[in-house]
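Chemist: Turn these sequences into a full structure, and let the hints steer you where they fit.
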Amino acid sequence: MRRFLVLLPLFIFIGLALFLWRGIGQDTTSIPSPLLGKAVPEFSLTSLYDENQIMSASDLTGPALINVWATWCPTCKQEHAQLNRIARDEGVTIYGINYKDDRAKAKVWLDKYLDPYAKNVFDPNGRLGLDLGVYGAPETYLIDADGIIRYKHIGEVNEKVWQKLKAQMQALEADS
Amino acid sequence: MSKALGVLFAGWLVLISQASVAAIDTYEFKDNATRERFQELSAELRCPKCQNQNIADSNSPIAEDLRDELYRMLDSGADNDEIIDFMVMRYGEFVLYRPRVSSQTYLLWYAPAGLLVIGVAVIFALTRRKKSVGKQQEKSGLSPQEQQRLDALLKQDQDKDA
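In order, the protein sequence lines correspond to chains A and B. Quick note on my numbering: the first sequence kicks off at 1 and runs consecutively. Quick note on my numbering: the second sequence kicks off at 177 and runs consecutively.
Honestly, the hints are just simulated from the structure, not real lab data. Misleading hints may appear alongside valid ones.
Derived EDC-like pairs: lysine to aspartate or glutamate, alpha-carbon spacing no greater than 16 Å straight-line [as the list claims (entries may be wrong)]:
no., chain 1, residue 1, chain 2, residue 2
1, A, K77, A, D115
2, B, K225, A, D27
3, A, K100, B, E240
4, A, K100, A, D131
5, A, K100, B, D241
6, A, K77, A, E159
7, A, K100, B, D244
Computed from a prediction, not measured in an experiment: that's the story for all the values here.
Modeler: Now the structure itself:
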């Protein structure tokens with residue numbers, strides 16, 4: 001009992017040190033999404049290309065990536081070539097959510113830098129973005145065959161990130 | 177020197193007061209209570225993008241959106257719990273500067289009190305042990321005869337010294 005009491009401060013110290021050590025180097029800028037495991041939130045917005053075409057969550061069928069982008073977002077420009085490559089070479093379905101943007105500008109952008117998106121939702125007020133928990137473009141979500149959000153990546157989709165997403169997609173396909 | 181500091185301080189006060197007013201005065205509230213709730217809630221909600229600021233102080237677009245949403249919800253008569261739930265559903269517990277008590281936040285809520293209790297217990301145990309050791313020395317555990325002999329021997333010693 002006495003020996004235990006003498007060692008107690010040491011145990012508390014080790015416990016605290018481990019706990020704090022785990023926190024060091026953790027990426028605090030990406031917040032875990034509470035939407036993982038949930039369906040894509042319902043919405044009713046127009047298509048980017050056709051303002052008369054109303055789109056809803058049922059238009060986004062998985063497995064696919066949902067990429068939140070905007071012309072005012074510099075990182076979106078950086079990742080755009082990679083998205084094009086994924087869609088073209090690997091046949092991955094990518095849906096776009098044009099987030100708080102200008103319709104005309106967005107169309108010009110897709111014309112100029114090519115369009116990797118199977119469908120593009122126009123979300124001028126960021127309403128869908130808010131429901132998705134978007135807090136900065138670009139963000140990329142992975143949805144499974146049932147339209148359930150499985151993974152969220154905040155920031156650029158580069159080759160390294162894509163390998164991670166790809167592994168997740170393959171795991172989903174193996175499951176179903 | 178102190179005058180210059182005073183001017184700087186005054187300027188700084190003006191700056192921060194303007195910054196915090198700027199976020200609020202674009203909204204028109206139906207009454208003062210609603211305005212107060214807006215100020216309270218926007219100070220309690222953390223901006224997901226700029227993590228060391230609340231949504232009242234931040235100028236980032238998402239903080240602006242969340243302020244709009246907060247205003248809209250207050251205006252439509254939502255109560256505080258509904259608003260907090262709405263935010264947590266989208267951005268997680270992270271948006272709360274004071275996370276709610278749950279199995280995931282027990283450590284956060286109770287660890288300081290727990291450590292305090294352990295500390296007090298350790299101090300208590302240590303002082304009690306010291307006291308009991310002192311008492312044991314007082315009671316040397318000798319029988320009356322032994323004590324008598326000891327006293328006699330001590331007296332002899334004293335006599336020698338003298």
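Chemist: Against each hint, give a clear statement of whether it holds in the structure.
Modeler: Hints, verified against the model:
Only pairs whose Cα atoms come within 16 Å are accepted, and K77/A paired with D115/A is accepted, the gap being roughly 12 Å. With a C-alpha separation of about 13 Å, the suggested pair K225/B and D27/A falls inside the 16 Å cut-off, and the hint holds. Using a Cα cut-off of 16 Å, the hinted pair K100/A and E240/B holds, with the two alpha carbons roughly 13 Å apart. Distance hint between K100/A and D131/A is fulfilled; the C-alpha atoms sit about 13 Å from each other, no more than 16 Å.
Distance restraint check for K100/A and D241/B: the Cα-Cα separation of roughly 11 Å lies within the 16 Å cut-off, and the hinted pair is therefore satisfied. In summary, the hint linking K77/A to E159/A is supported, as the alpha carbons are separated by about 15 Å, within the 16 Å threshold. At roughly 14 Å between alpha-carbon atoms, K100/A and D244/B fall within 16 Å of each other, so this suggested pair holds.
No hint from the list above goes unmet by this structure.
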